[in-house]
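2 protein chains.
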Amino acid sequence: MARGKTFIISGPSGVGKSTVLKNLFEGREDLYFSISATTREPREGETDGVHYHFISVERFQELIEADAFLEYAEYVGNFYGTPKKYVDKAMDDGKDVILDIEVQGALQVSNKRPDTIRIFIAPPSWDELERRLRCRGTDSEEKIQKRLVRAKSELRTADVYDYFVINDTVDRAVREINAIMLAEHCKPAERMKILSE
Amino acid sequence: MARGKTFIISGPSGVGKSTVLKNLFEGREDLYFSISATTREPREGETDGVHYHFISVERFQELIEADAFLEYAEYVGNFYGTPKKYVDKAMDDGKDVILDIEVQGALQVSNKRPDTIRIFIAPPSWDELERRLRCRGTDSEEKIQKRLVRAKSELRTADVYDYFVINDTVDRAVREINAIMLAEHCKPAERMKILSE
Chain A
1 MARGKTFIIS GPSGVGKSTV LKNLFEGRED LYFSISATTR EPREGETDGV
51 HYHFISVERF QELIEADAFL EYAEYVGNFY GTPKKYVDKA MDDGKDVILD
101 IEVQGALQVS NKRPDTIRIF IAPPSWDELE RRLRCRGTDS EEKIQKRLVR
151 AKSELRTADV YDYFVINDTV DRAVREINAI MLAEHCKPAE RMKILSE
Chain B
1 MARGKTFIIS GPSGVGKSTV LKNLFEGRED LYFSISATTR EPREGETDGV
51 HYHFISVERF QELIEADAFL EYAEYVGNFY GTPKKYVDKA MDDGKDVILD
101 IEVQGALQVS NKRPDTIRIF IAPPSWDELE RRLRCRGTDS EEKIQKRLVR
151 AKSELRTADV YDYFVINDTV DRAVREINAI MLAEHCKPAE RMKILSE
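So the protein lines, in turn, are chains A and B. Read in order, the letters of the first sequence correspond to residues 1 to 197 in the working numbering. Read in order, the letters of the second sequence correspond to residues 1 to 197 in the working numbering.
Derived from the structure by calculation, the hints contain no laboratory data.
Identical copies go unnamed one by one, so any copy, or any two together, can satisfy a pair.
Dumping the calculated DSSO-like pairs for lysine-lysine here, alpha-carbon to alpha-carbon at most 30 angstroms:
| hint | residue 1 | residue 2 |
| --- | --- | --- |
| 1 | LYS193 | LYS17 |
| 2 | LYS5 | LYS187 |
| 3 | LYS193 | LYS143 |
| 4 | LYS193 | LYS89 |
Bound-form chain A, shown alone:
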């Protein structure tokens, strides 16, 4: 059995990443979605080990010192991180792992694990991203403009990514991600090993 690989999936707010990921995971027992650890309190309806691994600040600090995270960050007073443990277990079991993280986290993971594959989900156009942000109806006009500026700046720093998936339709985006995952398993390092056995 070939070992699983880790795929980072990033994308700007409003691009439709959650829907793409939901569709990608449908009926896929061979994929593992990495669950973050966090120090924030569970919200109503959130379950430990399902939505997050809820841990104390002390425990989080211990894990940082033990180099147990692939990446971590502080966000409005709480820590969030990707524990290595579950990622490694899934890959050992032959599962591909999806990390739903943003550009800064992707850079941290890339430094620790250069063999991680980085996929950026981009909008078909900036106009379309603006339209989608507006359609959600959750943000003020000011916030929408801020999100657009941030998305454009993210894309400029996104040349570290290996692939760009254009989310014009969810089906197309999922098809492209699946193609990327399969193609990555056709790389020589993995295949030569099979043939030399």
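Got chain A sorted already, so can you dock chain B onto it with the hints?
Using the frame of chain A, we list chain B on its own:
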């Protein structure tokens, strides 16, 4: 419209490359199969421009001097080559191009066009390749052993290839080639251009 890309497909004798290519091309108007030029005489049933571009030795030499081939070779007294012209036209039309060439030709093309993607079709195992060569019933035992030695030596020099497709079933091989082609179109160079338009 994105420009097409060129994909080299190589593989040892007996691996089943022709069947894979036949299935790959079924119903695909967006793919172009590169037709070689040759100085050998047409055989019964062969049509100029379909099976080969049949040209004279003088013309072939002119084309070599004009750097009009992506690769060429001499084989039992005849020349065979891949004309740049048709490949470039197809890519300009947005079609992906398949070059069915062997390892030496792949190296020549790679030197001229480093952006060409190289796919090697490998057998699931050496035992299976031997079984397939035997099943064809066309070769003597001595020739089968020679082909196996050559296949193993080709694979050793094949680390220049970008992808290895294992032909255990034709469907799987075709699915992997399609995934590779789609994934290659998700590379940043092409996609960033779309988003900066």
